[in-house]
Amino acid sequence: MDKGGSRPNWDSPMQFVLACVSYAVGLGNVWRFPYLCQMHGGGGFMIPYLFMLLVEGVPLFCLELAIGQKMRLGSIGAWTAISPYLGGVGLASVMASLYLCLYYNIINGWSFWYLFHSFQSELPWAECPLNANLTGPLEECEKATATQYFFYRETLNISSSIEENGGVHTGQALCLLLAWIVTYLFIVRGVKSTGKVVYFTATFPYVVLIIYLIRGVTLHGAINGVKYMFTPKMEQLANPTTWINAATQIFFSLGLGFGSLIAFASYNEYNNNFERQAVIVSFINSGTSIFASIVTFAIYGFKATVNYENCLERVRLLLLNAFNLAEDTINMDNIFEWMERLNQTHPQQFAELDLGNCDLTQELDKAVEGPGLAFIVYSEAIKNMPLSQLWSVLYFFMLLLLGMGSMLGNITAITTPLRDFKIFSSVSVEVLNGLVCLFCMLLGLGFTTTSGNYWFTMFNDYGATFSLLFVVLIEVITVSYIYGIKRFEKDIEDMIGHRPNWYWKIMWAGISPILLIALFIFYIANYIMGGTPTYMAWNKDLVRPTFFSFYNNYCIHTFYFKLVQMGISTFTQRSWKKGEMVVPPFFHH
Amino acid sequence: MLEKVLFLLCLTPALAQEPCFPGSSHAYKVRISIKTALGNQAYVWNDNEMYLFRAAMAFALRSYHNGQEFNVSNIMVCNETPRVSFWFVVSSPENSSVLLKKGDVENAIRKSRNRINGAFLLTDQTLEFIDIPPTLAAPVMPVTPPWLIVFGVVMGAVGAGIIFLLVSSLVQSKRKKNKKTLDEDREDMRGIENGLGCDNLGGVYNTTFSDGDKFTPM
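So the sequence lines, in the order shown, correspond to chains A and B. Per the numbering used here, the first sequence starts with residue 1, numbered consecutively. Per the numbering used here, the second sequence starts with residue 1, numbered consecutively.
Treat the hints with care, as some may be off.
Said to hold, decoys possible - No more than 30 Å apart at the CA atoms, straight line, and that leaves these computed lysine-lysine pairs for DSSO-like:
#1 A:LYS196 - B:LYS180
#2 A:LYS196 - B:LYS174
#3 A:LYS196 - B:LYS176
#4 B:LYS102 - B:LYS29
#5 A:LYS505 - A:LYS486
#6 A:LYS422 - B:LYS180
#7 B:LYS174 - A:LYS192
#8 A:LYS143 - A:LYS366
#9 B:LYS29 - B:LYS111
#10 A:LYS192 - B:LYS176
#11 A:LYS490 - A:LYS505
#12 A:LYS196 - A:LYS422
#13 A:LYS366 - A:LYS227
#14 B:LYS177 - A:LYS196
#15 B:LYS111 - B:LYS35
#16 B:LYS35 - A:LYS383
#17 B:LYS179 - A:LYS422
#18 B:LYS102 - B:LYS35
#19 A:LYS422 - B:LYS176
#20 A:LYS227 - A:LYS383
#21 B:LYS179 - A:LYS192
#22 A:LYS143 - A:LYS383
#23 B:LYS101 - B:LYS29
#24 A:LYS196 - B:LYS179
#25 A:LYS233 - A:LYS366
#26 B:LYS111 - B:LYS101
#27 A:LYS143 - B:LYS29
#28 A:LYS366 - A:LYS383
#29 B:LYS174 - A:LYS422
#30 A:LYS143 - B:LYS35
#31 A:LYS422 - B:LYS177
#32 A:LYS192 - A:LYS422
#33 B:LYS177 - A:LYS192
#34 B:LYS180 - A:LYS192
Stated by the list, open to error - Here are the in silico distance ranges between beta carbons for each label pair:
#35 B:THR81 - A:LEU355: 15 to 23 Å
#36 B:SER73 - A:HIS220: 47 to 55 Å
#37 A:PRO137 - B:GLN172: 54 to 62 Å
#38 B:ASN95 - A:GLU309: 45 to 53 Å
For the record, the hints were derived by calculation from the structure and aren't laboratory data. Glycine residues also receive a C-beta, built at the ideal position from the N, C-alpha and C atoms.
Isolated chain B, as found in the complex (with noise of 0.2 Å):
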C-alpha cells in the first residue's frame, strides 16, 4: 500500500514535467509536407511557425468548446523531427495540468479543419493529424447523371434515322407500285425490261452447271 502511495507520488512530478511525449494517450502526432504542397514557394519551417501551428490549436479549441479560453501556452508539443513531425497535448485552460481528452480534441480539430488548413496554405493530405479521418468534399451529384443526357441524344438521333429511314422506304415502295400499273399498260411495247422476270431475257445462260451434274454425287 505504501510502495504504491510512494509510487503514485514519484509518478505524477513526472507526468507534471512530461505531459507530451509519443504514444501518449493524449497526444496526437502531426505530419507536415510543405514542399510537397507548395514545391518552389515552400516557405521553412520555424518557431513562428510553431507558434502559428500552436495558435490555430488554440482557435479550433476556443471554437469548439463555446466559452472556455484556450491560450497558446495550453497547447504543448515536443518531440519535433526534420520531416517536420511532432507531437502535442492540449492542457485545460482552468487547470494545466488536466490534459483533454482525444476525442475532444479530435472533433475540434474536425470542425475548424479547413481554417488550420488555411492558415499554412495546405491541405489535408499534406497537414496530417494521423489517426483523425479527413472529412472529405461530399461529391456533387447532379439531378439528371450526365451519361443519361448523352445517351438521350444519341437515342434520339438514331431513333428518327431509323423513322426517316422506314417512312422513306415505305414511300419509296408506294411509288414503285403505282409506277408498276402505269408500266403494266405499257408492256407490249417495249423491248427492254427491268424488274421483269428472267424468263423474258433472252440473255446468254451460263451453260457450267448445265452439264447433268448439278448435285454433287456423293
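Extracted from the complex, chain A is given alone in its bound form (with noise of 0.2 Å):
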C-alpha cells in the first residue's frame, strides 16, 4: 500500500464530490424515479424513498468511500488488504462493471443518434414516412406511432425475436465507436482527465433540466400531470413491493457495489473528509431524482392532455362525417352533449361507430419506464412542442451528459484495480485505458445488431440483480464484523479526525445488513416463484389488429428460458482465493 505521492490524486476535493455526483445522477433517475413514483402513490413514495435513503443508501455509501480513501486502491486490492480470502467481492465488482461497461453505452450511442437527428428541419420522429406508392403513410409505421416506428425500425432496426439474427446497424455501430471515443476522450489520463471532465458532466444537465422544468410547467396541461403526481394515495404504503422498491431505487441509483465509489476515493487526499461528502451526494442524487421526476411529470401530463385532445378531434370528425352535419355544430365545449343527443336519437348508427374511449386519466395512467420512457414518450412530447429542435437538442445533450458521467464511474471502477497490479502498472495510462475501451467496445458491437435490444434487455433485467446486493452484503458484513467496527472507527478517526457517531455505527452493524439480507431473500424467492424470465418482443407483421401489451402495439411475450439460463451461468465465477461463489450485478443508476 503507497502512501506516497504516486497515485495521481483529484486536484481538489470538489473535483470529487463533481465525479461521485456524476456518478451517481445517471439516467435511472430521469427514467426509473418517475415511474416508481407513478407507481407507488405518487407523493407518498418519498416516505419510503427518503426513508430507505437514510437507512441504507447514505451508510453504504460512506463505507465505500471509507475503505476507498484507506486503503488508496482499486476494489480488488483494497478488499484483498482487507482480507486475502475477500479478493473474490473486489473481483465481482470488477465484473459487474465490465458487464455494465458493455451495455451502457449502446444508450449513449442511442443518444447521439436522436441528437445527430435533431439537427434537421422536421424532426425524423414527428411524422411517418410513406409507403412505396406516396399514397400515405407506412404500414407498421401507422399501426404504431410515428415515435415508436422511429426508435424500433430506424434506429434499432429491430428484429421479431432474440433468435433472430442480423447484421449491424451502421448508423448504431457508429454512434456506438463515437460514444467509446468520447469517453476514451474524458478518461485517457485517469483521474487528471476526469477530474476536469466532470466539472462540465455534473452541472450542465441541472441547468438543462431547469429549462425543461420552466418549459414543462408553462405546458398546455402540465399541470394535470404534476397534480397527478402529487397527489399521494397513502393506500400504496402498506404495499411491501412499494419498501422494496423505493430500497432498490436508493441501492441501485447511488452505484454501491460496483467499485467505482472505491476507485473514486482512492485518489483522495488521506484526510479529505469523506463522511460529509458522503451525505451531501447522497441527498443530491435523490434530490434530483424528485427534481426529474416534477419535470417528467408535466411532460407526462402535456403529452397525455395533447392525446386526449387529439382523441376527442377524432371523435368530433367521425361524428360530423357520419351524421353529415356542419362544421361547426360541434366543438370541444358540446362534444359530450352532442354524443348524448347523437346517440338517443340515432342509436344504432351511433353503437356502429367506433368512437374509442376518451379518457385524461387513462392517458395520464399510462406508466413508461426506461429507454421507452427516454427515447418515445418524452421525443413523442418534444415534437408536440414549438421550436422543437431546439428542445430536442438539449433533451438529447442532457440525456448524454447523464449516461457520460456514470461511464466514467463505470470505467474508472475497472482500470483502477486493474492499474493495481504490478504487471499492468509498466503500461502507460493512456495505452491501459485504450485498451480496456477498445475492448468493450468491440463486444458492444453485439448489441447493435438487429436482435441486439433482446440482449439489452436481458442484460439490464437480469445481469446483475443480485450480485450486487450480495456483494454489498458481504461488504458490510466484512467491515462491520469481520475487519471489526471498532478497527473501521480508528481508521476513521486517522483520516478525518474524529469517530463516526452513533447513527453510522447502528447502521453498518445492524439495520443495513438487515435490510440487504431482507432484499436478498425477496429476489431469491421473486426469481424462484417468477418462472421462465420473459421479454417482450416486437413484431411488425402480426396481422391481426389486437394490441396487447405495455408498449400499446403488437408486442408478443416470448420465453427464452435457455438463453438466460447459459446467461446466469456466464455471470457466475469464483473467487480466485476459496471456493466462494459471487454473483454478478445489474445496473439501475
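Take the two lone chains, each set in its own frame, and fit them into one complex as the hints suggest.
Structure (C-alpha cells):
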C-alpha cells in the first residue's frame, strides 16, 4: 500500500464530489424514479424513499468511500488488503462494472443518434414516412406511432425475437464508436482528465433540467400531470413492494457495489472529509430524482392532454362525417352533449361507430420506464412543442451527459484495480485505458445487431441484481464483523479526525445488513417463483389488429429460458482464493 | 322472359332520371371542410361554389381525356348535406345517359388534384374524395443524410482532442525523462526531493497498520 505521492490525486475535493455526483446521477434518476413514483402512489412514495435513503443509502455510500480512501487501492486491492480471502468481492465488482460497460454505452449511442437527428428542419420522428406508392404512411408506422416506429425500426431495426439475428446496424455502430471515443477522451489520463470533465458533466444536466422545468410547467396541460404526481395515494404504503422498490432504487441509483466509489475515493487525499461528502452526494442524488420526476410529470401531463384532445378531435370528426352535420355545430365544449343526443336519436348508427374511449386519467395512467420513457415518450412530447428542434437537442444532450458521467465511474472501476496489479503498472495510463475501451467497444458491437436490443434488455434486467446485493452485503458484514467496527472506527478517526457517531455504527453493524438480507431473500423468492424469465418483442407483421401489451402496440411475449440459463451460468464465477461463489451484477442508477 | 324485358324497360328510365345516388357504382363522394382549412377566413358554401366545383371537375376531365369536351352539365351532383358533402357522377359528353367509369374519373382527378385544391384554397385533407388516396409529395432526400454531417463534425473534434492529448502527454513524458537525467546528476546536493522513493523521505510513518495484525484474522 503506497501512501506516497506516486498515486494520482484529484486536484481538489470539489472534483471528487462532482465526480461522485456525475456518477450517481444518471439515467435511472430520469427514467426509473418517475415510474416508481407513479406506480407507488405519487407524493406518498417520498416516505419510503427518504427512509431508505437514511437507513441504507447514506451509510453504505459512506462505507465504500471510507474503504477506498483508506486503502488507496481499487476494489480488488482494497478487499485483498482487508482479507486475502475476500479478493473475490473486488473481482465481482470489476466483473459487474465490465458487464455494465459493455451495454451501457449503447444507450449513449442512442442519445448521440437522436441528438444528431435533431439537426433537421423536421424531426424525423414527428411524421410517419410514406409508403412506396406515396399514397399514405407506411403500414408498420401507422399501426404504431411515429415515435415508436422511429425507435424500433429506424434506430434499432429490431428483429422479431432474440433468435433472429441480423447484421450490425451501421448507424448504431458508428454512434457506439463515437460514444467510446468520447469516453476514452474523458478518461485518457485517468483522474487528471476525469477531474476536469466532471465540472461539466455534473453541472450542465441541472441547467437543462431547470430550463425544462420552466418550459414544462408552462406547457398546456402540464398541471394535470404534476397534480397527478403529487396526489399521494397513501394506501400504497401498506404494500411491501413499495418499500422494496424504494430500497432497490436507492441501492442501484447510488451505484453501490460496482467498485466505482472505491476507485474514486482511492484518489483522495488521506484526510479528505468523506463523511460529509457522502451525505451531500446522496442527498443531491435523491433530490435530482425528485426534481427530474417533477419535470417528467409535467411532460406527461402535456402529452396526456395533447393525446386526449387529439382523441376528442378524432371523435368530433367521426361524428360530423357520419351524421353529416355542419362543421361548426360540434366543438370541444359541446361534444359530450352531442354524443348523448346522437346516441338517443340514432342509437344504431351511433353504436356502429368506433369511437374509442377518450379518457384523460387513462392517458395519465400510462406509466412507462426505461429507454421507452426517455426515447419514445419524451420525443413524442417534444415534437408537439414549438421550436421542437431546440428542445430536442437540449434534452438528448442532457441524456448524453448523464450517461457519460455514469460511464466515467464504470470505466474507472475497471481501470483502477487493473492499474494496481504489478504487471499493468508498467503500461502507461493512456494505453491501458485505451485497451479497456477498445475491448468493451468490440464486445458491445453485438448489441447493435438487429436482435441486439433483446440482449440489451436481458443484460439490463437480469445481468446483475443479485450480485450487487450480495457484494454489498458481504462488504458491510466484512467491515462490521470481520474487519471489526472498532478498527474501522479508528481508521476513520485517523482519516478525518473524529469517530463516526452512533448513527453510522448502528447502520453499518445492524440495520443495513438486515435490510440487505431481506432484499436478497425477496429477490431470490421472486426469481424462484417467477418462473421462466420473459421479454417483450416487437412484431412487425402481425396481421390481426389486436394490440396486447405494454408498448401499446403489437408485441408478443416470448420465453427464452435456455438463453437466460446460459447467461446466468456465465455470470457466476468463483473467487480466486477460496471456493466462494460470487455472483455478478446489475445497473439501475 | 317478358317479365325481364318489362323490368328492364321500367328500370332504364328510372336510371336515366336518377343517375346520381349515394352508393352508385359510378358515383364518388366528396367531403369539404372549409372551416377546418381556413378558420376565420372561411367562405360560405353556396350554389356558386358548387358551380365552381362542377367546372373544376369538367376541367380535370378535359385535361385527362384530350379531345373530349366535358361541360358543367356533364357533372351531376346529389345528396348535398350541411356537412358539405355530396355525391357526383360524370356523364360522357357524347351521350349523356352513359356514365363514366370510376377508374377514369379517379385518374382524371388525381392528375389535376393540385389545381382542384387550389381553386378552393383547400388541401388533400380538407377536400376529400372518398376512396381516392391522395398522392403525397415525395420526401426530399438529401445526398448525405444530415445526421452523418453532424456526426462527422463531432467525431472529427473528438478525434482531434484525443490526438492532441496523447501527443501532449508523450511530449511531457519525454521532457520529464530529460529533466530526470539532469536531476540525477544533482541528486546529492539536494535535501528535498520529488519523484523519489519513500525510503528517502524520512517522514512520519502511520502506525495504524503496523500493530502486527496487518491481515484480518479469519
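Hints, one by one, checked against the model:
1. A:LYS196 - B:LYS180: 27 Å, holds
2. A:LYS196 - B:LYS174: Judged against 30 Å, a Cα distance of about 23 Å means the pair holds.
3. A:LYS196 - B:LYS176: Within the cut-off at roughly 22 Å; holds.
4. B:LYS102 - B:LYS29: Given pair B:LYS102, B:LYS29 holds - Cα atoms ~11 Å apart, limit 30 Å.
5. A:LYS505 - A:LYS486: This hinted pair holds, its Cα atoms lying about 9 Å apart.
6. A:LYS422 - B:LYS180: The given pair, whose Cα atoms are some 23 Å apart, holds under the 30 Å limit.
7. B:LYS174 - A:LYS192: 18 Å, holds
8. A:LYS143 - A:LYS366: Holds: A:LYS143 and A:LYS366 sit about 18 Å apart, inside 30 Å.
9. B:LYS29 - B:LYS111: 18 Å, holds
10. A:LYS192 - B:LYS176: 17 Å, holds
11. A:LYS490 - A:LYS505: Holds, at roughly 12 Å.
12. A:LYS196 - A:LYS422: The hint holds at about 28 Å.
13. A:LYS366 - A:LYS227: 15 Å, holds
14. B:LYS177 - A:LYS196: The hint holds at about 26 Å.
15. B:LYS111 - B:LYS35: 26 Å, holds
16. B:LYS35 - A:LYS383: Roughly 25 Å separates the two Cα atoms, so the pair holds.
17. B:LYS179 - A:LYS422: Holds - the C-alpha atoms of A:LYS422 and B:LYS179 are around 26 Å apart, at most 30 Å.
18. B:LYS102 - B:LYS35: 29 Å, holds
19. A:LYS422 - B:LYS176: Roughly 22 Å separates the two Cα atoms, so the pair holds.
20. A:LYS227 - A:LYS383: 23 Å, holds
21. B:LYS179 - A:LYS192: 21 Å, holds
22. A:LYS143 - A:LYS383: 19 Å, holds
23. B:LYS101 - B:LYS29: Given pair B:LYS101, B:LYS29 holds - Cα atoms ~14 Å apart, limit 30 Å.
24. A:LYS196 - B:LYS179: 26 Å, holds
25. A:LYS233 - A:LYS366: 17 Å, holds
26. B:LYS111 - B:LYS101: 16 Å, holds
27. A:LYS143 - B:LYS29: 26 Å, holds
28. A:LYS366 - A:LYS383: 19 Å, holds
29. B:LYS174 - A:LYS422: Judged against 30 Å, a Cα distance of about 23 Å means the pair holds.
30. A:LYS143 - B:LYS35: 29 Å, holds
31. A:LYS422 - B:LYS177: It holds: about 22 Å lies between the C-alpha atoms, which stays within 30 Å.
32. A:LYS192 - A:LYS422: At roughly 21 Å apart (the allowed maximum being 30 Å), A:LYS422 and A:LYS192 satisfy the hint.
33. B:LYS177 - A:LYS192: Holds, at about 20 Å.
34. B:LYS180 - A:LYS192: Given pair B:LYS180, A:LYS192 holds - Cα atoms ~22 Å apart, limit 30 Å.
35. B:THR81 - A:LEU355: 15 to 23 Å: 20 Å, holds
36. B:SER73 - A:HIS220: 47 to 55 Å: 51 Å, holds
37. A:PRO137 - B:GLN172: 54 to 62 Å: 58 Å, holds
38. B:ASN95 - A:GLU309: 45 to 53 Å: Holds, since B:ASN95 and A:GLU309 (Cβ atoms, about 52 Å apart) stay within the stated range.
Hint compliance for this structure: every hint is met.
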